Amino acid sequence: MDNAALLSVGNLLKQLAEPIAENFSDKEIADFSKRLSRVVYKADEYFSTPNIPNTSLAYIAQGLFRLYFIDKDGNEATHDFTGDGMFVSSYSAITLDVLAPVYIQALEESEVYAMSRDEFMHYWRSDVRWKNVLQKYSEHDVLELRYREMELLLYDAPTRYAHFKEYFKKYDNRIQLRHIASYLGISPETLSRIRNKN
1 MDNAALLSVG NLLKQLAEPI AENFSDKEIA DFSKRLSRVV YKADEYFSTP
51 NIPNTSLAYI AQGLFRLYFI DKDGNEATHD FTGDGMFVSS YSAITLDVLA
101 PVYIQALEES EVYAMSRDEF MHYWRSDVRW KNVLQKYSEH DVLELRYREM
151 ELLLYDAPTR YAHFKEYFKK YDNRIQLRHI ASYLGISPET LSRIRNKN
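Numbering-wise, the sequence shown is residues 1 to 198 according to the working numbering.
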């Protein structure tokens with residue numbers, strides 16, 4: 001792992017662990033980082049699918065992923081986007097060791113540093129700070145899902161699009177319109193009309 005990625009993952013871990021325990025030491029971060037394997041995903045390549053699950057936890061050094069589901073009629077519903085400086089994983093697969101119905105797809109060439117579930121669970125069982133890291137990400141996932149449900153119930157499509165642009169502004173121009181439409185729960189044609197009015 002290069003120095004910039006090491007510093008970035010270290011800062012993220014310290015931020016996540018800080019509320020309940022002392023920060024991770026440089027030695028602890030270095031030990032954790034040594035166990036990460038570098039993997040590069042090409043655009044449209046899958047990190048994980050329901051039938052070929054990936055039970056690793058990966059830090060995204062550079063890149064962008066989409067998390068989505070497919071309903072019984074074959075329609076895609078985008079749940080989230082995650083990119084530079086964040087973790088990507090199927091958290092239910094990590095915490096519960098079960099198959100998850102989520103597809104995780106690279107939207108652009110993406111460089112990640114991954115750790116297997118078994119290795120991560122070693123940390124998780126041995127130090128409360130690692131439990132906090134995973135718990136905070138799981139809580140974020142649940143809160144985000146609740147917020148998405150609320151948006152779909154309370155706001156019209158133009159308002160949801162305005163919220164999307166604000167929340168995901170760091171990914172501006174990196175997400176295809178069809179994926180944005182899927183996230184908003186509207187057709188690409190409706191999204192085009194909304195964009196043309198702005």
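Keep in mind that the hints were calculated from the coordinates and are not lab data. Treat the hints with care, as some may be off.
Cut-off 27 Å, straight-line C-alpha distance, at most; resulting in silico cross-link-like pairs (DSS-like, lysine-lysine) [as the list claims (entries may be wrong)]:
1) Lys34 - Lys197
2) Lys165 - Lys136
3) Lys27 - Lys131
4) Lys131 - Lys165
5) Lys197 - Lys42
6) Lys27 - Lys72
7) Lys165 - Lys42
8) Lys42 - Lys170
9) Lys197 - Lys169
10) Lys197 - Lys170
11) Lys165 - Lys197
12) Lys131 - Lys34
13) Lys27 - Lys170
Model, not experiment: these values are computed from the prediction.
Hint check results:
no.: 1; hint: Lys34 - Lys197; in the structure: 50 Å, violated
no.: 2; hint: Lys165 - Lys136; in the structure: 24 Å, holds
no.: 3; hint: Lys27 - Lys131; in the structure: 19 Å, holds
no.: 4; hint: Lys131 - Lys165; in the structure: 32 Å, violated
no.: 5; hint: Lys197 - Lys42; in the structure: 34 Å, violated
no.: 6; hint: Lys27 - Lys72; in the structure: 48 Å, violated
no.: 7; hint: Lys165 - Lys42; in the structure: 25 Å, holds
no.: 8; hint: Lys42 - Lys170; in the structure: 20 Å, holds
no.: 9; hint: Lys197 - Lys169; in the structure: 19 Å, holds
no.: 10; hint: Lys197 - Lys170; in the structure: 22 Å, holds
no.: 11; hint: Lys165 - Lys197; in the structure: 15 Å, holds
no.: 12; hint: Lys131 - Lys34; in the structure: 20 Å, holds
no.: 13; hint: Lys27 - Lys170; in the structure: 31 Å, violated
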